[in-house]
Structures are given as structure tokens and as C-alpha cells.
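Those protein sequences? They're chains E and L, same order as listed. Residue 1532 in the working numbering sits at position 149 of the first sequence; the count goes up by one each step and never skips. Residue 263 in the working numbering sits at position 257 of the second sequence; the count goes up by one each step and never skips.
Note that these hints are calculated values from the structure, not bench results. Glycine included, every Cβ here is placed at the ideal spot set by N, Cα and C. Be careful, since some hints might not be right.
[Unchecked claim] Which chain L residues face chain E? A few, computed with CB under 8 angstroms, are given here:
no. : residue
1   : Thr131
2   : Asn140
3   : Ala365
4   : Trp366
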Amino acid sequence: MNQCKTFIKQLGFARGVIVAFTVLLFVLAFVKDLQMGQLISDCLSRFGRHGILVLSLLPFVKGGLGLNFGLPVGVLCGLVGVVFSINLNLAGYDGLAVALAVGGGLGIVIGLFYGWLLNKVKGQEMVVGTYVGFASVSFMCLAWMMLPFNNPTLVWSIAGKGLRMTIPMDDTYGRILDNLWSFTVGDIWVPTGLILSFLVACILVALFFKTRHGMAIIAAGQNEKFAIASSIKPNRTRLLATTLSTFLGAIGIVIYSQSYGFVQLYTAPLMIAFPIVACILIGGAGIRTATMFHVIFGCLVFQSLLTVALPVANEFIGGDITEAARIVISNGIILYALVGVGAQK
Amino acid sequence: MIKKIQDHLSEFIVPIIFLGLCAIGVIYSEQSPGFIINTIIERLGRNCFLVISLIIPVVAGIGLNFSIVLGAMAAQIGLIFAIDWGFAGIWGIVMAAALSTVFSVLFGYFVGLIFNRAKGREMVTGLITGFFANGIYQMVFLYGAGTFLTILTQDLLLPRGQNEAGETLYFGLQNTINLENVQYAIDDLIPLPAFINNALPDDIFLPIFPFVLIALACLFVVFFLKTKLGQEMKAMGHNQHISEISGIKVNRNRIIAIIISTIMAGYGQILFLQNIGTITTYNSHEYVGMFAIAALLVSGATVSKASVLNAIFGTFLFHTLFFTSPLAGKNIFGNVVLGEYFRVFVAYGVIAIALALHAWKTTRQNAIKAEEC
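Construct the complete structure from the given sequences, taking the supplied hints into account.
Right, dumping it as C-alpha cells:
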């Protein structure tokens, strides 16, 4: 009971409202006799789909860098991996493995650059990251048009060059992890492989934070001066945290794309950071604190909210309000976090 | 000596690169000089005011005010109601400006309060505040208009199916709102004197009044910064902490700076929309902040230093590149879209580089100061 109370206290007012709102939507969906099985299955897949992307924010916050609005940097690396593997006509697990390897590898290299840059702009990581993310998405818009990919499934059929806006993955490895060991309970379909992959990633990251390097990241993130006093080099731990974050972002979008069944290029990743950041914040994280629980809980709550909001809104007022509501909720919670910490000083 | 030249060069590197890009754009767009000059004049007239609205918060040490989007929203609210109430011509603009001022003061006050709680993170907070307000704005006009917000003109509303009695339900604003009643109301208010008009080549059109307004805005900013309040803001821009100790009401002044900026952004957006002639209700304001900020930064302004000249020169450079790049892209690569992506990349890239360079400089200075201590 006490634990429950401290949990609610930690959650804070805004987050409490969102959690309550999600519950309310589920109740409404139940009352209105919507297909609950379908809804819960959708919640589960969306939860697994966004999981690793949300997880990618964890090292960033723990390293003391704030919220990673530069998530598109990692996401673009992952997308290059996916496109690369499809261009080679690789299907099934081979394709997935190549996409993960290329995307992840690129994520590490680019992550090092990104981390180096963020070390130079200490204190302004969030706003610089936001615009580095925007700039890299728009730069890749040019690149997607010019890069010499030639597989007919990827490029515009008339021009013969330039990648398509969205690329279906049915013939390669679309939903391959979702279908792995999946099963049905009642009306609920459980994408076991997808959720397992997320949980494995969570465990690996959690284990990483138990190692010497992981501990150093946390120590430097909490107090840079104390960290220096105990002979930790904060610049190095920040670099490591950023690289890990970018790497996970790249892996995350590969998993996302295979689960979604389409690769979305060009301006699709432009705004991806904001709803993902909202996930971890709804879980209870702040600019300086985040735990694995915040990642999992936040992802589950916010993705469920988004899934269930559309059909319920359709019943009452009309579906197009959910888009506006999504913008209000995700940016509202980010604003709350940005303002909230300032007040504690 | 060489170091000095290097310093100067690094200060002007962004505008120099941009001048080069503009030259390439202008040459490869293969348009007549008359068309290019006309377009630049038109774009200067409609965008400059918005860019000027950014200056005061920069001087006051708040940084680039990404939340001028709220001013643009206030302007659109003003215009929508002015049109709905049947105002036309310059009176429509006056009405819209009056409403816009009221809403801008309100929005600016709230943004100022938010910024005071997020010191050191104003820019990212401003960006998110803009997104958040956009969501609220969409909700209000998609559902509120015609339900709890009374809209007199039915043509402005979306038909949304029928109720049980068979009457068509109307609520939510149309996606585009025609401003033909107020279009060019400012541009054409003062006609060009005949002797100037005759002296100009036939294909050049010069709207006078927008430039009068822009000049007034410039004068206002320059004189405002000379008043006591303006001087206090300058001091805050140099060092907030010392200003606080020497008795300047920092928090209050920051809110005032944001309110002024929001009001000016509102007027800027009205000037912009009366020239364009339509409001795309749910999108017109979205990129206002980004384009205005990019335009300011290409002139070599930074997060902590900007002047009226920066605003004018930057708008000129940015919009020259902005409208020539799709044309140039078509002529160089045979692809319009490429040019369009390129200009968006330039806008984001310029902001990213300017923010990074400024933060870099600040951290380096802080490190030097820390060593000296």
C-alpha cells in the first residue's frame, strides 16, 4: 500500500491524469462494446514496436544529457541498414540480421560523431540535438533521392532512381519477429517474438549499466564534479552514452519497420522523437532521471492510449480529433518535464 | 593581424557561404531579372516583419524565440474572426490586428511564465510550446468552431454529416480560408507615386505600405532598446545573474520581452497572410518560427546577438535562396523536388550549425573563465 502511494506521488499530477485517462478510455471501449481482443492485440504490437526506440533514450538521460530529441540521427542509420538489406534482395532472418548489423554499425559510427558534437555544446544538448535531427532528416531526403540503390522494389518505377516514400516489406522480412512464436489467447493475439526482442534488449541494457562502464555513465550523469573526483572522464562517458543511444535508435527502427511492415523514408522520421520522448516521460522519467521501469511502463501506457483513443473517439466525436489530442498530450508531457525540473532548483 | 582576419572571417562565414549559394541559385534558376527582383521585394515585404519580431528576446538573453508560432496563431484567430464578422479591406486588417494584439499579450504572458521556469532551456521549451499550442489550436478550431465558438458565416465551417432530423451539421473550420476581402489591403493602401512608378521598369511592382510598416518596426526596436527597459534587457543579455543583483526585475522583463515579440510576430503574420490571400487553417503557422529563425541566422546573427540589419539582410538572403532553389534544382538536376528538399535542409542546417557554434563558444568561454578562477 505504501509502495503504491509513493508510486502515485512519483508519477505526479500530469502523468497520473494520463494514466487515469487511458484507463477511462479502456472502460469506455468496453462499455461501447468495441472489439476488446483486437484492441489489446494492437496495444501489444504497438508496445513491442516502439519499445527499443523508447529504450534508446535511457542511456542518454542516465548520462546526464537530457532528452534525446536527436533520435532521428540513429533512426536514419537503421533505415539505411534496412534499405541496404532489401537492396541485396535478402529475405527472412538473413535480411533482418544484415539490416541490424549495417544499421547498428552505422549507428555506432555516427553516434560517436554525434557524441563528440554534444560534448562541445554542453548544456544545450537538447536544442542542438533537435536541430541536428531535423537537419539530418532533411539531408537524408536528398540522399534517398541520389543514393545508387537499384532494386526495382525500392526505386520509383518510372524514373528508375530515387527511393520510394514507403517500401512494403511483405516479401522480405515484414512482421517476421511478430509472427515468431506468436499465439492467440481468446481474441488476443500475442506477438511473442517482438515483445521478447524488446525485453531481451532491456535486459542487455540493464546488464550493461551494472558493468564498470555503465556505472561510470550513471555516476557522471548524476554529478560531473564528483565523477571527475573519482577519476571518471565525463566526456568519455557522455560519448559512450550517446553512442549507445544512437545505436539503440538504429536497432529500434529496424525492429519497428519489420513490425509495421513498411519502411518509411523521407520526412517520415522528422517528428519521431517527440512521441517517443513522451513515452518515457509518461512512464515517470524526467530530464535527469530515468529507469528501466519508466521505459516499459511509459511505452505500455502511451501506446495503449494512442491505440484505444482512435476507435473510442470515433464512437463519440469523430476520429480526426485523436491526431490533435496526440500532439497535445505528447508535447504537453514534454513541456511539463522541461518546466518541472526548473522549479526544483 | 592574421588572427583578426580569421576572427572576422569566421564571424561572416555563414553569410558569405549563403551569398555564394544565392548566386548559384539566381544564375541557375534562369529567370528574368525583373521576375527575380519582384519576387525578392514581395518576399521581403511579407517576411521581414516576422524576422524583426525575434530581435528583442535575443537581446534580452532569452535566445531565439521559437514560440513566435503563438503570435502567428493569434494573428490567424484575429483574421478568422475579422473575416467572419464581415470586415473587409483595411478595416478587416485593423480588426484582425486588434484581436491579434489581445491574444498575443495573453499567449506571450503564458510563454513568458513558462520560460521563467525553464531558464537555460528556453529554446527547446519554446519549440515544444509551439507544438503544444498548435495541438490546442487544432482542437479548438476542428471542434470548437461552430459548437462553443460561434461562427456566423456558415461557409467557413465544414459540413459533418446529418443529425436525426436530417439537418446538415456544421462544425470545425474549413481547411483553407479565403482572405480575398482583405487581400493586398496593406500592400495597396498607399499607391506608388506616379513619377516613381514611371521610372521603374514595367515588370516591377513595389508595395509601399508594408515597407513603411517594416521601417516603423525597425525604428521601434532600435528606440525601444534605448529606453530604460531596453537597456535593462541588454544588461540581462550580458549577464542575468549580475542584472538580478543590481536590482533589475529579470523575470518581469523577460515576460515583457516575450510579449512584445509575440505581438510583433502576430502583426508579421497578418502582413504575410494578407499578401498570400488564404489561410491554410491548420498549417499556415507551423513553420513560421523555423523560417524566421533560419532567415535571421543566415545573416550571421547568433543566439545572443542580433540587430535590425541582420533581420533585413538575412530575410533577403534566405528568401532569395528559398525561391530560386527549386528552379535551380530543376535546371541542374532535372528535378524540382530535389531543390525543395535542399532548401528545407538549408533552413534546418543553418539553425543547427548556428545553435551548435554558439553553444560551443559559450562552453569554451565558460571553461576559460573557470580556469582563470
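Verification of the supplied hints:
no.	hint	verdict
1	Thr131	holds, 5 angstroms
2	Asn140	holds, 6 angstroms
3	Ala365	holds, 4 angstroms
4	Trp366	holds, 5 angstroms
Violation of the numbered hints given earlier is absent; every hint is satisfied by the structure.
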